[in-house]
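Engineer: These protein sequence lines map, in sequence, to chains B and G.
Mapped onto the working numbering, the consecutive letters of the first sequence carry residue numbers 141 to 455.
Mapped onto the working numbering, the consecutive letters of the second sequence carry residue numbers 109 to 405.
It should be emphasised that the hints constitute simulated quantities derived from the structure, not laboratory data.
Given the structure is predicted, the values throughout are model-derived calculations rather than measurements.
Every residue gets a Cβ at the ideal spot worked out from N, C-alpha and C, and that includes glycine.
A few of these clues could be false.
When the alpha-carbon atoms are kept at most 25 Å apart in a straight line, the in silico SDA-like pairs for lysine to any residue are as follows [claimed, not checked]: (1) K116/G / F249/B; (2) K218/G / I348/B; (3) K165/B / V132/G; (4) K218/G / F443/B; (5) K116/G / Y346/B; (6) K165/B / G123/G; (7) K158/B / A295/G; (8) K247/G / G416/B; (9) K165/B / Y288/G; (10) K354/B / Y210/G; (11) K354/B / G123/G; (12) K247/G / F187/B; (13) K125/G / T246/B; (14) K339/B / G123/G; (15) K125/G / Y346/B; (16) K252/B / L140/G; (17) K158/B / Y210/G; (18) K218/G / L174/B; (19) K252/B / A344/B; (20) K449/B / F357/B; (21) K125/G / A344/B; (22) K116/G / I348/B.
Stretch-level coverage of chain G by chain B, calculated; a stretch enters the list once three of its residues show a Cβ under 8 Å from a Cβ in chain B [what the hints assert, rightly or not]: (23) 325–336; (24) 380–393.
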Amino acid sequence: MEEKLTLFKNRKRFGLEKNIDLIFKNTTLALSSLVAIVLFGIILVVFFQSFESFSRYGLNFLVTSEWNPVKDEYGAFTAIYGTLVTSLLSLLITIPLGVGTAIFITENFVPKFFREIVGSFVELLAAIPSVVLGLWAIFVMEPFFREFFVFLHKFFGWLPLFSSEPAGRNSLLAIIILVVMLLPIVTSIARDSLNQVPKKLRNASYGIGASRWKTIFSVILPAALSGIMAGVLLALGRAMGETMAVTMIIGNSNAFSWSLLSPGYTISSMLANQFGEADGSQVSSLFYAAFVLMILSLVVNIFAQWLVKKFSLKY
Amino acid sequence: MNSLYYQKKLSRNVGDKFFTSLSVFCALIAILPLIFVVTYILIKGGAQITPELFTLEPNPPGDDLDAGGINPALIGTLVITTIASIISIPVGVGGGIYLAEYSNGGPFSKFIRFGVNVLAGVPSIIAGVFIYALIVSTKILFGSMYSGLAGGMALSILMLPTVIKTTDEGLKLVPNELRYASLGIGASMYTTILKITLPTAFRSIATGVVLGIARAAGETAPLIFTALFSYYYIVGFEDLFYEMGSLAVLIYNFALEPYDAQNKLAWAASFILVISILTVNIFSRILAAFTEKTKRV
C-alpha cells in the first residue's frame, strides 16, 4: 500500500488537481473519523445522561431490585440478572448445537449439495428480523412448549430453576428464542474457522490411525478453538443486547425470581418497555441501565476482537 | 486377519457412528426454526394479503373488527430506511475508501477498523437511546420530538459499520495492477478511485450495502422511541418531522394487542417484511455465487 501512495505523490501536477486530490483525501479521512466520533458520542452521551442516577444510587443500583417510579427508587438487579442468565444459558445450549451443525457442514457425511442447503438455511435464519421471531414466539412457540413447561414444573419443580408455576410468558421462552437467534452466528463463525484448519493436520491425524471423530476432537476442534471462541463471544454480545424478541416473550416483570418459568426482565427489554413514557429521574435511571448494558457488550466485543487478533495467525 | 476388515463393534467405530448421528441431529434441529418461521408466516400472513392492506390506514385497536391496512407503516419503512441509507452510504463508502486506499496500516486506520467492529457490536437499542438523548429529548430538529428523521438517524448508526466494512473489503480485492495502470496514464489519486477502483468493486460493495439495508428495514429496537408509531397516511415532506410508523414497530405493537384483528395485521406485515428481506438475501447469494464462478484470476 505504501509504495502505491508514494508513486502517486511524486507526480508533478497542476495546483488545482493537487488541491482536489487533497480535498478528496481529507473528506474521506473526516468520514472515517466519524465512526470514532459516533462511538465516543454514544458512550459519552449515555454516560452523562445517567450521571444523575449514578450519583444518587451509585453501585447500589446494580444490586437492588426495587424499581418504583412513584417512590423514586431504582435498582436494576433483576434486569441485569435476567440479561446475564438468559444470554449465558442460551449460549450454553447454542454452543454444542451450533458447533455440531458447523461440523456437519464442514465434514463429508452427506453430499455437498445438502450441506450447502443446511448452511444457507442457517444463514437465512439470521436475516429474519427479531420482531418477527418475537411474533412467531408469541403465537406459535409458546403454545407448543406450554405442556412441556407444565411437565418440567411437575417433575423438576424441586429445582429452584423450575420452582414456579409456568407463566404464559417467561424467561425460558426468551432463552429458547435467543437460541434461535444465536444459532446462525455461532454456526457460521465455527464453520469458517473449521474450514480454515489446514488439510494436512487432518491427513496427519488420519495417517497415524486416528478415527474421524478422534481427529475432530483432538486435532481439528483445538485448532479452530480461538475462532469458535470469538464467535461465541460475539454471540454473547448479541444475546445481551437483543431486544425485540426477548421483550415480546419474557413477560417483563421486575419481580425477582430464581425460576425460569416465571416472567423476567432484561436491560434491553426494560429500555424498550419504559423509555417511551418515562420522565424525571426514571429517564436517568434507564440511561444508567443502558450504560451498564453498553459496558457489558463493549467488554465482550473487545475481548472477542482481541482473541481473534491474538490467535488468528497461528496457522 | 480380522483386523483388516471394518469391525462394527469396535469402540472407535461405535463412537464415530454415535457422534456422526449427533452432528446430523444438530443440523436437523438447526434448520427447523427457519422452516417453521417461514411456513407460519407464509400461511398466517399470506392469508391476510388483500389489495386494501396496501392502501388503508390501520385502525386503532378497539372493538371494531376491521383492522384496516398497513399503508402508512409500509411507506414509513421505505422512508426511514431511505433516510438511513442517505446518511450511512456516503459516510460509510467515504470512510471505507480512506481505510482501503489512503491509510497505510498505521495506528489511526487500525483504530478506526477496531471502532467499526465495536460499533457493529453495540446493541441496536443503544443506538435508539443515543438518538433519543441527542435529538428527541433536546427537540433539536425544529422543535419536533419523535420523528421519522430521528428514526432514520438511529438506523443509520446501525448501517454504518456494515457499509464501511463492505467498502473496505470490496476495495481491497481490487488488484493493484489496475491502480498502477491508471497512474501510468497520468490519472490522479481521486480520479483513479472514482473512475477505476470504485467501479471495479461496485458489485461487491452494492451487495453488502443492499444486505445492510435489508437488515436495517427489519430493525425495531432503535425505532420504538425515536420514530415511535403513527396511524396516519404519510402525505408530504413535513411528515418527516412527526411520529412515523414502520412495519417493524407495527408488528411489535400489534402482536402485543389482545385483539385478533390487530394480530392478523401483524402477521400480514411480517409476511411483507420477511418476503422482501429473504428475496434480497437469496438474490444477493445467487449473485455472489455467480460472480465467484465467473471471476477471472
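Engineer: When you check the alpha-carbon spacing of K339/B and G123/G, does it fall within 25 Å?
Structural biologist: holds (23 Å)
Engineer: With the threshold set at 25 Å, check whether the alpha-carbon distance from K247/G to F187/B stays at or below it.
Structural biologist: Distance of about 20 Å is within 25 Å: holds.
Engineer: Taken at face value, is the distance from the CA of A344/B to the CA of K252/B at most 25 Å?
Structural biologist: holds (23 Å)
Engineer: Keeping to a limit of 25 Å between CA atoms, is the pair of K449/B and F357/B held or broken?
Structural biologist: holds (24 Å)
Engineer: Has the stretch 325–336 of chain G got at least three residues whose CB is nearer than 8 Å to a CB belonging to chain B?
Structural biologist: Result for this restraint: holds, n = 8.
Engineer: Are K247/G and G416/B close enough, with their CA atoms no more than 25 Å apart?
Structural biologist: Holds. K247/G to G416/B sits at ~15 Å (cutoff 25 Å).
Engineer: Taking 8 Å as the C-beta cutoff, is the stated coverage of the stretch 380–393 of chain G by chain B satisfied by three or more residues?
Structural biologist: holds (count 7)
Engineer: Hinted pair, alpha-carbon criterion (25 Å max): K218/G, L174/B. Please report holds or violated.
Structural biologist: holds (14 Å)
Engineer: Given the hint that K252/B pairs with L140/G, test it: the Cα-Cα distance must not exceed 25 Å.
Structural biologist: The hint holds at about 19 Å.
Engineer: Given the hint that K116/G pairs with Y346/B, does the C-alpha gap stay at or below 25 Å?
Structural biologist: Holds, at roughly 19 Å.
Engineer: Straight-line Cα separation of K165/B and G123/G no greater than 25 Å?
Structural biologist: violated (60 Å)
Engineer: Within 25 Å, alpha carbon to alpha carbon, are K125/G and Y346/B?
Structural biologist: holds (17 Å)
Violation of the numbered hints given earlier is confined to hints 2, 3, 6 and 10; the remaining hints are satisfied by the structure.
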